[in-house]
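Hints in hand, dock the two standalone chains.
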Amino acid sequence: MNLLERYIYSVRHYLPEPLREDVGRELKANIEDELEAMAEQQPDTTETQRQEQILQQFGHPGKIAANYHQPTPLVNAALMPIYIKVLGTTLGLLFALHTLELSLGHVAANDFNLIRFILQLGLGFLDTVVWTFTSVTLIFYGISGTNTEYRWLGYNTWKPGDLAQIHHPWQQIKSSDTFTEMVTNAFLLLVIWQPLWRSAESMAASGYAFSASFASLFPLLTALLVLSLLFNLWCLVKPYWTRTSLSINVVQNLLYAAVLLYLASLDELAVIRPGHDSIVHIDDVNSSLSVGLTLIALYLFYEVFRDTRRLRALASGS
Amino acid sequence: MTTSQFNKMRLELRRGALVLAVLSSLNTPHYGYSLRKQLQQAGIDVEEGTLYPLIRRLADQQLLDSQWRHTEGRERRYYQLSNDGKALLEQLSTEWQGLTQSVNALLAENMQ
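If you're matching them up, the sequences are chains L and C in order. For the first sequence, the residue numbers in my numbering are 1 to 318. For the second sequence, the residue numbers in my numbering are 1 to 112.
Here chain C stands alone, though its shape is the one from the complex (with noise of 0.2 angstroms):
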């Protein structure tokens, strides 16, 4: 396998758990910077050039609400999950904790 077969079949597979991951994060309000840092914390590292637009996007799928604020003389628009954000954010984890559990069941069985 190419290391670019690598990267595209690692960006597919980092793709949907990425938006999940920045739902869950958003259960309390960040700006684009400090969710970045929150993600990195957590071991998540997201280019700057995706996570932004994905952030928008998701608030444009009515998922986020945001609001601009001036926090230390600058301002930045902070986001948080909206009711609909919260409702999807329940149903993709149970479907990722049974998916993650399935998949782990089977990387265990077959790559020993």
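So that you can see chain L by itself, here it is in the shape it has in the complex (with noise of 0.2 angstroms):
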């Protein structure tokens, strides 16, 4: 084989079989034409010297077989900026959702490791962001291959009238601020409803338990936790502030701080179960949880404040 067909054939490789035979056969027939030329132009070099310098010319055989077959790309550059955000969500949400599985078994072991948690949430979310790109991928490759984006986007009944009425920056919600908020309320829930999903001998084995009165509570928190999850989920279908989704954030936060300052109130929280020791005396650890509900419902009043000053902003149009 001569230069010219090794090069042809370099590029017969990069090609899909069925265009191999007839793109090399005309890209023979031009480099030839190219050489031709050469020769008269150049009739002091030889052969080889006007095939490598015609070759160099052409470039890289990958180069030209692209030229000549333009990759499909996977997704569509219309559908680029969707398929990012929908990656990013759903990487989000699966690394919230693997983080609480990790912590829950965690609590549910009643041992906690830092380094075998990281260890164990990194290696464990490699798997799952794997799987995660490919899916997701695909969905988007099977889209774009059927060149209806721009219907599927919205984008050819898009009106100005259906723009998000945003006049202030702050108005934006992070979906990270969203996912974490949702990762604390699917962990409380689970916390308080530890008996659905731990065994009685783990439940046994632990140390501490809720107090009766704090237990009694229980259903109200279900209440609250449940209501603030759809809330997130809604702050993720529309991530921006309105009037509307302000004001139950007040109520929320309200009725949240409401309860945790009642809890602060009560005399036990936790107590230890029978046959148990504890290193730290339970009144410390009641007084250690009342001062941080207490906190906590402070940082939420806070927010009341800020939100109420954010209505009426938006209220006032400013």
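Hints are computed from structural coordinates only; laboratory data are not their basis. Treat the hints with caution; some may be incorrect.
If the Cβ cut is set under 8 angstroms, some of the chain L residues that face chain C in the computed set are [to be verified]:
#1 Leu27
#2 Ala29
#3 Asn30
#4 Glu32
#5 Ala37
#6 Glu40
#7 Lys63
#8 Tyr68
#9 Trp197
Computed cross-link-like contacts, DMTMM-like style, restricted to lysine to aspartate or glutamate with a CA-CA straight-line distance of at most 25 angstroms [stated by the list, open to error]:
#10 Lys37(C) x Glu32(L)
#11 Lys28(L) x Glu40(L)
#12 Lys37(C) x Glu47(C)
#13 Lys85(L) x Glu101(L)
#14 Lys37(C) x Asp22(L)
#15 Lys28(L) x Glu72(C)
#16 Lys37(C) x Glu47(L)
#17 Lys37(C) x Glu52(L)
#18 Lys28(L) x Asp45(C)
#19 Lys159(L) x Glu181(L)
#20 Lys63(L) x Glu47(C)
#21 Lys37(C) x Glu72(C)
#22 Lys28(L) x Glu75(C)
#23 Lys28(L) x Asp65(C)
#24 Lys238(L) x Glu149(L)
#25 Lys28(L) x Glu47(C)
#26 Lys174(L) x Glu101(L)
#27 Lys8(C) x Asp65(C)
#28 Lys28(L) x Asp60(C)
#29 Lys174(L) x Asp307(L)
#30 Lys85(L) x Asp162(L)
#31 Lys63(L) x Asp60(C)
#32 Lys63(L) x Glu72(C)
#33 Lys85(L) x Asp177(L)
#34 Lys238(L) x Asp283(L)
#35 Lys28(L) x Glu17(L)
#36 Lys37(C) x Glu36(L)
#37 Lys37(C) x Glu40(L)
#38 Lys28(L) x Glu12(C)
#39 Lys86(C) x Glu109(C)
#40 Lys37(C) x Asp44(L)
Because the structure is a prediction, the values reported are computed rather than measured. All residues carry an ideal CB built from backbone N, CA and C; glycine is no exception.
Here's what the structure looks like:
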């Protein structure tokens, strides 16, 4: 095989089977024309030198093959912004769920090792990332193949009236904030309903338990947490503060603050199970919990104050 | 502005114009190399690796008809505008005239 044949062979290698013969034949004819013209212009050069020069001008076989058969992108340019958003949101949600699952596993095991937790989180999530990336990409590849992305994205039916009414930068809700709240709410929900997913042995092995007065508030807390989760989902769909969503947030935070202050006022929140000892005195544990709950309630009051001001700003249109 | 920026912009500027130049040149039949020579003589220097695949892509879009012929002892693929190609060329030419006229007027007004 001379240089030209080796070049054609290499270009063919990069092309799909149905094109190889035809493109190879045409490319060979074109290069031979170029060689013939060069032989007339540079009669002192050898055939090999001319071939080297011409092939250098044509460029890498892979580049030429890509010009002949331009690869179809997996995701169309129009879909790329939403593809990245869907990928980010899905991975964020799955990371949150993965963290939650792992945390609950550690709660159930009555044992916590930070390094093991981080390793399990990282390595376990890596697998999820691969699957998510592949699945989301395949779905968007399918949509790209139909060439209906503009209709699918609603670009053709869009009206200026559809635009979100955003007047202040703070109106944009970060998806990371929503995810954090979702995980916290789900985690608390699962912690207070431990008997539903933990075995009796595992529960009995745990030294601490909720006090009866605390446990009596579980139905109320459950309702609040479920409503919060629904609100979080709404914030994911419409990630900007409106008067309605701010009002909901104010009411929600007031309710949580009231419940937390009530809990902080209780004599005991946690008790030691019979037959267990505690390194820390149970009164100290309850005092710390009360202080912690009061501090959280104060922060929630600050949020209520902040959101009320924001509501006024939205109402006045400033 | 860096050289690479200029080259990138230049490439974008030439891309559409090159299609028009190729379509208009293929009003008469040409094989790859003869088309490249004709464009070169008209002041449009195109790399081999760009022009030959472009002709083929235009043919794939039914804008060109092609035929293998044996000339001067070798086989060559000749390309010529198809009916679809002729209709498109007419539309693109009108578009090009309007565009160049407008851009020239803008350049004349703002580059003084």
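So, going through the hints one by one against the coordinates:
1. The criterion of a C-beta within 8 angstroms of any C-beta in chain C is met by Leu27(L), whose closest approach is roughly 7 angstroms, and the hint holds.
2. Of the supplied interface hints, the one on Ala29(L) holds, with its beta-carbon coming within about 5 angstroms of a beta-carbon of chain C, less than 8 angstroms.
3. Using the Cβ-Cβ criterion of 8 angstroms, the hint placing Asn30(L) at the interface with chain C is satisfied: the shortest such distance is roughly 4 angstroms.
4. For Glu32(L), the shortest C-beta to C-beta distance to chain C is roughly 6 angstroms, which falls under 8 angstroms, so the interface hint holds.
5. Restraint check, Ala37(L) versus chain C: the minimum CB separation of about 7 angstroms is within 8 angstroms; hint holds.
6. Look at Glu40(L): its Cβ only gets to about 12 angstroms from chain C, farther than 8 angstroms, so that hint breaks.
7. For Lys63(L), the interface hint holds, the least distance from its beta-carbon to any beta-carbon of chain C being 7 angstroms, beneath 8 angstroms.
8. For Tyr68(L), the shortest C-beta to C-beta distance to chain C is roughly 4 angstroms, which falls under 8 angstroms, so the interface hint holds.
9. For Trp197(L), the interface hint is violated, since its Cβ never comes within 8 angstroms of a Cβ in chain C; the closest pair sits about 58 angstroms apart.
10. For a cut-off of 25 angstroms, the pair hint linking Lys37(C) to Glu32(L) stands: about 14 angstroms separates their Cα positions.
11. About 19 angstroms separates the Cα atoms of Lys28(L) and Glu40(L), which keeps this hinted pair within 25 angstroms; it holds.
12. Under the criterion of a C-alpha separation no larger than 25 angstroms, the hint pairing Lys37(C) with Glu47(C) is consistent with the structure, at around 11 angstroms.
13. Between Lys85(L) and Glu101(L) the CA atoms are separated by roughly 24 angstroms; this keeps the pair inside 25 angstroms, and the hint holds.
14. For the proposed pair Lys37(C) and Asp22(L), the alpha carbon gap of about 23 angstroms is at most 25 angstroms, so the pair holds.
15. Annotation: proposed proximity of Lys28(L) to Glu72(C) holds, straight-line Cα distance about 15 angstroms (limit 25 angstroms).
16. Between Lys37(C) and Glu47(L) the alpha-carbon distance is near 21 angstroms, which keeps this suggested pair within the 25 angstroms criterion.
17. Of the supplied pair hints, the one linking Lys37(C) and Glu52(L) holds, its CA atoms being roughly 21 angstroms apart against a limit of 25 angstroms.
18. Restraint check for Lys28(L) and Asp45(C): the C-alpha separation of about 21 angstroms stays at or below 25 angstroms, so the hint holds.
19. About 33 angstroms separates the Cα atoms of Lys159(L) and Glu181(L), which puts this hinted pair outside 25 angstroms; it is violated.
20. Only pairs whose Cα atoms come within 25 angstroms are accepted, and Lys63(L) paired with Glu47(C) is accepted, the gap being roughly 13 angstroms.
21. For the hint linking Lys37(C) to Glu72(C), the alpha-carbon distance of about 17 angstroms falls within 25 angstroms, and the restraint holds.
22. Restraint check for Lys28(L) and Glu75(C): satisfied, since their Cα atoms lie roughly 10 angstroms apart, inside the 25 angstroms limit.
23. For the hint pairing Lys28(L) with Asp65(C), the CA-to-CA distance comes to about 20 angstroms; that is within 25 angstroms, so the pair holds.
24. About 22 angstroms separates the Cα atoms of Lys238(L) and Glu149(L), which keeps this hinted pair within 25 angstroms; it holds.
25. Taking the CA atoms of Lys28(L) and Glu47(C), the gap is near 16 angstroms; set against the 25 angstroms cutoff, the hint holds.
26. The suggested pairing of Lys174(L) with Glu101(L) holds, with an alpha-carbon distance near 23 angstroms, which does not exceed 25 angstroms.
27. Taking the CA atoms of Lys8(C) and Asp65(C), the gap is about 31 angstroms. The hint is violated against a cut of 25 angstroms.
28. Among the hinted pairs, Lys28(L) with Asp60(C) is consistent with the structure: their alpha-carbon atoms are about 19 angstroms apart, no more than 25 angstroms.
29. With a C-alpha separation of about 16 angstroms, the suggested pairing of Lys174(L) with Asp307(L) holds against the 25 angstroms cut-off.
30. Of the supplied pair hints, the one linking Lys85(L) and Asp162(L) holds, its CA atoms being roughly 20 angstroms apart against a limit of 25 angstroms.
31. This hinted pair checks out: Lys63(L) and Asp60(C) have alpha carbons roughly 19 angstroms apart, not beyond 25 angstroms.
32. Restraint check for Lys63(L) and Glu72(C): the C-alpha separation of about 30 angstroms exceeds 25 angstroms, so the hint is violated.
33. With a C-alpha separation of about 15 angstroms, the suggested pairing of Lys85(L) with Asp177(L) holds against the 25 angstroms cut-off.
34. For the hint linking Lys238(L) to Asp283(L), the alpha-carbon distance of about 44 angstroms lies beyond 25 angstroms, and the restraint is violated.
35. For the proposed pair Lys28(L) and Glu17(L), the alpha carbon gap of about 17 angstroms is at most 25 angstroms, so the pair holds.
36. Taken as a hint, the Lys37(C) and Glu36(L) pair is honoured in the structure, with Cα atoms around 13 angstroms apart against an allowance of 25 angstroms.
37. In summary, the hint linking Lys37(C) to Glu40(L) is supported, as the alpha carbons are separated by about 14 angstroms, within the 25 angstroms threshold.
38. Taking the CA atoms of Lys28(L) and Glu12(C), the gap is about 28 angstroms. The hint is violated against a cut of 25 angstroms.
39. Note on Lys86(C) and Glu109(C): the hinted pairing is violated, with a Cα-Cα distance of about 34 angstroms set against a maximum of 25 angstroms.
40. The straight-line distance between the Cα atoms of Lys37(C) and Asp44(L) is roughly 22 angstroms, inside the 25 angstroms bound, and the hint therefore holds.
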